[in-house]
Every structure is written in C-alpha cells, then in structure tokens.
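Here is how the chains run, residue by residue.
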Amino acid sequence: MRALLSSFLCAMALVIGGAGCRQNNAPRTLFQLNWLHDPTFAGEYSLALDSTLGLSIREGGPNIFPVAEVLAGRANLGVVGADIFLQALDKDLQAGKQSNLRCVFVDFQRNPVGWVLHPDAAAKAGLESTNNLTPAELNQWLFSKFADGTLKPGDKRGTETTAIWIKWKKMHALSEDVKVVPVGFDASIVLSAPMITFPVYLNEEPFKLTEKIGRPVLVFDPAVDEVVLYGNVVITSKEFFDKNPSVVRAVQRGLRKAWTDVKLDLDGAVARVAAVYKGVGPEVLRRQIDKTLEFVFFETQTPGVMEMGESGRWAKTVEGLKDAGILSSGFGLKTCIASLVPPE
Amino acid sequence: MNDKLKNFVWLAVGVALMWSVDFLLKNPENLLWQILPQSVLKLNGEMLCTLALTFGASIIAWFFALGIGILIGVVAAATVVERDMRPSWWEKIGNIVNKVYDGLYVIPFVLTVGFTYVLAQKAYDKWGLHSATVALIMIVVSGVVLGGWNIFHSIFYAVTNAKQENRFLVRSLFYGDERRSILGRWFMWVLRPMLLVRRLADCEINSFCEAVTRAFHLSIVAVMIVESVTPYFYENIFRSSGKIHAWTAGAGRYIFNIQALSGVNSSQVIAGFIWAVLIFDMLVVGLIQIGLNRIWLRHYSK
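Protein sequence lines correspond, in order, to chains S and W. Here the first sequence stands for residues 1 to 344, numbered as in this note's numbering. Here the second sequence stands for residues 1001 to 1302, numbered as in this note's numbering.
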C-alpha cells in the first residue's frame, strides 16, 4: 500500500513538474502542414531553422484539417490548398459571418496538379513515343483521346483538381458527354496501366511512379495550356494576426527567404527534407524539390506574392472554383481580398 | 441499482458530458442548445438529399450483410456440423472460411475500403463494367465485411459451440436411413448438414437476432466510412462531366468537408447529421425487430 502511495505521489510530482517546465518555456508558433512530410514543404523546413521565430512544424495527415486547427487556436499558421482557403471563406459567407481566416502567403504561384498516364496505356491508345511531341501537343493528343473515348479523365473530385479540369476541358472544347471517373487518392492504381488519366501532385507522384515502373510515366500539365490557379497558401486566424502582427510579418519575410535559400542550396534542402521524408533516393528527392521550386517561382522571382487585381491570379482562382461548383455563385473576389494579408 | 437511480445516473452522465464539451470548446453561450436534436431542422435540401443516399446505401448494404452472412455462415457451419461422419479435410474448409472472415473483420475497415476501391476501379477499367458497379461493389463490401461477419459469426458459433443436448435433439429430427437412393445420398451429404445448421442456429435465436440488428448499425457506419474515404462516392452512379454536386458526397464525406472547413463553428450542422443518422437507425432497427418477432421470436415467446 505504501509503495502504491509513494508511486502515485512520484507520478503526481512528475506531472506537476512537467507542467511547470512547460509554463517556463517561451510560447512557440505552431505551423500546421496539410499533409504528411514531403518535398512540398521544403520552404517550411528551411523556415523552421530560424530560431528567432520559435517555429514548430506539425505534420498533417488524412484526418487533420489545418483550417479547423487554425480557427480553433490549436495551430497559429497552416498550409492549405487555395481551394480549401476559399471554400472556408465561402462557408462563412453563406452563414452570414465575417471570416476569421487570413491568407498571408502564397507558397505555390501555380497549381501543382497535373495528370499522368502509364506508358503501356499510352501505347495502347496509339502513342508509342513522346519524343517528337511538345508538351502542348501532348495535351492536344490527350484531349483527342478523351473525345474519342479511348481514354477517360480521372478526378479526385472536390479538390483543386476539379477546378483545373473544368477550366482545362473548356479550353479544349471537350464535349459534356465525356464524364470524369471519380478516383480515390491512391495513385498505385496507375501501376496497372488503366485507360484512365490520374490526377497527381506533379512534384511528387510522377517521380515515384516512374521509379516503380522503370520507365517515365506520361505527364500532362494544364499550366502548359495556361490553366493556372494558385496552389498551396499559408493561413492564419484574424485573432492571431491582430495579436501578433510582428510574428506574422516575420514569418512572411522568413518564408520568402527560406524558399530562396532552398533554390540557392538544393543539397542542403535535400538533406533537410530527407530527414523527415523517406522512401525515395536522393536523386529523386532532388528532382522533386526542383519541381517544387518551379511552382514557388512560377512567373516571379519573389516567393509569396499575391495578384489581387480584377484579372489577377486570385480572381482566376475564384472564377475557376466557381465554375467547378466548389464555390457558391454568390462568392466574389471582394470577399477573398478582404481576407488577404499580402507580404510587405 | 434500481431503475429510477439508474436513470438519474444516466441523466447526470449526459449533462456532465455536455457540460464538459461546452467547457472544452470554450463556446458556452449556445453550444449546448445547438447540438440538441432540433439541429436536424437546420439541415438544408442538399444535406437531406445526401443523407437519403447514405440511408439508401446502408439499407442495401444491410440486405447484402444478411444474405451473404447467412449464406457463408450456413455453408461454412455445414462442414463442421457432422465432424464424426465426414473426412477431416471437410471440416477444415469451414475452419479456414471462419479464419479468413475473422481476418477481414479485424483488418481496419479503412484499409479494406482503400484496397477494394482500387480493385473495383481496375475491374471497371479492364472489363468495361458500368460505373455504378464500382458503387455497388463498395456497398456490398460495406455490408458484408462488418455486419455480414456478425451474422456469419452467430451462425457458425451456434454450431461449433452447440450444447450436447441440442446436437442430439436436432439430429433426432433427421434420423433415418436415407442412403439407399441417389436422392437420399444427396440429402445426406448436402441438404441435411445445412438443415442441421439452421436448427442449431434456431437454438441460439436471440444471438442471431441480435446479430441481424447489429448488422444494420454497422452497415450505416461502414457506408459512412466508404463515403469519407472515397471522394463524392455517389458520382460513381450519377456521373458528372466535371462540375461538383455536393449531394453526391454522402453524409460521411459531407461531415468530413464541413469539419475540414469550419473548425468548431459547424457544430450545429454536424449535430444535425448525427441526430438524423441516429433517428433513422432507431426507426429501421425498430422495423427490423418487428420483422424478427414476426418471423422467428414469436415462436419462442410465451
């Protein structure tokens, strides 16, 4: 009995001591990722090295929602797709509320989404080699195959892939009779060479699939046809920004510098990402980060910038998502602009 | 504990739970009011439409659970019901089926869904099936893996764990020498074990009926898991050329989307969904119990 009592007291002392220790620590800024560690967050890993920011990076996952985490105060900043940020604003608009969400940085100046096709499926559809085709001609060939029914377009549905698909197919004047196949999130289906194109993050899955298949998968990039929407953005809550404007401004400056550092020191970035992201070799990882940088520095030399004009990229992103049925018809650019805090 | 005290304890637990939710979410002014059953009235037409799809799918899933659970249960149990009269390999078949089905039940359902969705899509692509087949396969999986296992389990264990007196009793029902004619042999080898299984399952009829009602609870749960894992699941039936129709998400995905976008501000709508599911579940289980009483249980009541 005495032993039990002393164990209990020891445990209590540890708990109280631990709580005391936590209280003595300076508060850290929690940065919530929207997915498991991967090269998409190379800039954020670099940002976390700046000890003056006191930043803790928290990994995401299938059941972690950065918008909910930020709004509930369980995280201070988070990475989400621009579509998720705008949908959250739209939900608040529909509920007649002022949104408490703010976007402070655009990580990806273009959507990272594209479609892939197994080389065997391409051969079956009549394309043995892509050597003589430009990326634009390759896209043209793809849409001709959608039109004649040889290939079917896959879509993850409800994500940014849907908005991009709608804009892309409009551009190619594809018939409404061509229906999309709702595919899940498991890209391994591509390995069985289905006659379906599969939507992917172009900086990750194509490299993994190519390594697995042993030959390059065919990549179709909508940005080649000038279908460009914003990709990942960094969000915070109005409350956090109002109370800690200097922290948010420091993160904006830091993230801008971090992405530039990744570009200048690719080897260092490979080492940092490799510490948390397993399963691919350094060469594949280098190519993945290189591709990620394409999205960050797309048509700009300055990471994080926001085009807020009537014909700017935010306007195009809003329009694209409205066309796809992801945003309600009442949602306007003004609502979006009111929730933006662009870097200075 | 007497019933009055028990009710009081339950009430106290309920209030404490609601209070703690209120306290933890730091939204004390109206959260408690928001999550009460009247939150169902806050669901709009689109939400009710998506709920209707979920409810329809869960009823279909339950029918598959019932049909396939009984079929596999009776066939597997038939191989072990007359151990003394059959070769030993005969019995192994039933035991292997039991182990495999147990394994399917134990594997996290999300993994089973992910795997079978990929398989269903491969089948759709290779064999040129109708896209609705993918949805049907997933609804069958929702019914059979969780609810179906419960029904299978109740039949199989009614046989393997049968009391000695029940065994003697059911065997005596089919006593006689039927082995002379071809029909008699057929009866002996195929039909009789199945009839013995049915009679032994009757001896544990309460366990079987519980499994049937539990199968419905699990069918709703399984369908909602399928909906949350596979985006816009009902688009496999109602195909689109691109534009999203939110009602094709199903309740599982709809709740998931609301959670992803709204933090704690959406508690009323989520509560509305949960209450709607609970009310529907209660109604259908009530109907199932009436059916079970009419078919089986009335023969065993006083």
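Some clues are possibly wrong.
[Claimed, not checked] Estimated spans, in silico, between C-beta atoms of each pair:
id, chain 1, residue 1, chain 2, residue 2, range
1, W, Trp1127, S, Lys170, 44 to 52 Å
2, S, Leu49, W, Ile1107, 24 to 32 Å
3, W, Glu1046, S, Ser246, 55 to 63 Å
4, S, Lys170, W, Trp1296, 53 to 61 Å
5, W, Tyr1105, S, Ser328, 36 to 44 Å
6, S, Pro62, W, Ala1246, 48 to 56 Å
7, W, Gly1286, S, Met308, 42 to 50 Å
8, W, His1245, S, Asp265, 55 to 63 Å
[Stated by the list, open to error] Distance condition first, Cα-Cα at most 25 Å in a straight line; then the derived DSS-like pairs of lysine-lysine:
id, chain 1, residue 1, chain 2, residue 2
9, S, Lys263, S, Lys243
10, S, Lys208, W, Lys1122
11, W, Lys1099, S, Lys124
12, S, Lys152, W, Lys1092
13, S, Lys124, S, Lys238
14, S, Lys97, S, Lys263
15, S, Lys212, W, Lys1006
16, W, Lys1092, S, Lys145
To be clear, the hints were calculated from the coordinates, so they are not data collected in a lab. Glycine residues also receive a C-beta, built at the ideal position from the N, C-alpha and C atoms.
> Using the C-beta atoms of Glu1046/W and Ser246/S, is the stated range 55 to 63 Å upheld?
Replying inline: violated (43 Å)
>> Given the hint of 42 to 50 Å, is the C-beta distance from Gly1286/W to Met308/S inside that range or not?
In response: violated (57 Å)
> Holds or violated: Lys208/S with Lys1122/W, Cα cutoff 25 Å?
Replying inline: With Cα atoms ~20 Å apart, Lys208/S and Lys1122/W stay inside 25 Å; holds.
>> The hint says 44 to 52 Å between Trp1127/W and Lys170/S; measuring C-beta to C-beta, is that right?
In response: About 32 Å separates the Cβ atoms of Trp1127/W and Lys170/S, which means 44 to 52 Å is violated.
>> Checking one constraint from the list: CA of Lys263/S to CA of Lys243/S, max 25 Å. Satisfied?
In response: Between Lys263/S and Lys243/S the Cα gap is close to 32 Å, so the pair fails against 25 Å, i.e. violated.
>> Tell me if the straight-line CA distance from Lys1092/W to Lys145/S falls inside 25 Å.
In response: violated (52 Å)
>> Looking only at beta-carbon atoms, does the pair Tyr1105/W, Ser328/S fall within the given range of 36 to 44 Å?
In response: Cβ of Tyr1105/W to Cβ of Ser328/S: about 42 Å, so the range 36 to 44 Å holds.
> Taken at face value, is the distance from the CA of Lys238/S to the CA of Lys124/S at most 25 Å?
Replying inline: Given that 25 Å is the threshold and the Cα spacing comes to 53 Å, the pair is violated.
> Falls inside 24 to 32 Å, the C-beta gap from Leu49/S to Ile1107/W?
Replying inline: violated (41 Å)
>> Lys1099/W and Lys124/S were given as a pair; does the straight-line alpha-carbon distance stay at or below 25 Å?
In response: violated (42 Å)
> Is Lys152/S within 25 Å of Lys1092/W, Cα to Cα?
Replying inline: violated (45 Å)
> Is the gap between the beta carbons of Pro62/S and Ala1246/W within 48 to 56 Å?
Replying inline: For Pro62/S and Ala1246/W the Cβ distance comes to about 20 Å; the hint is violated.
Of the numbered hints given earlier, the model fails hints 1, 2, 3, 6, 7, 8, 9, 11, 12, 13, 14, 15 and 16; all others are met.
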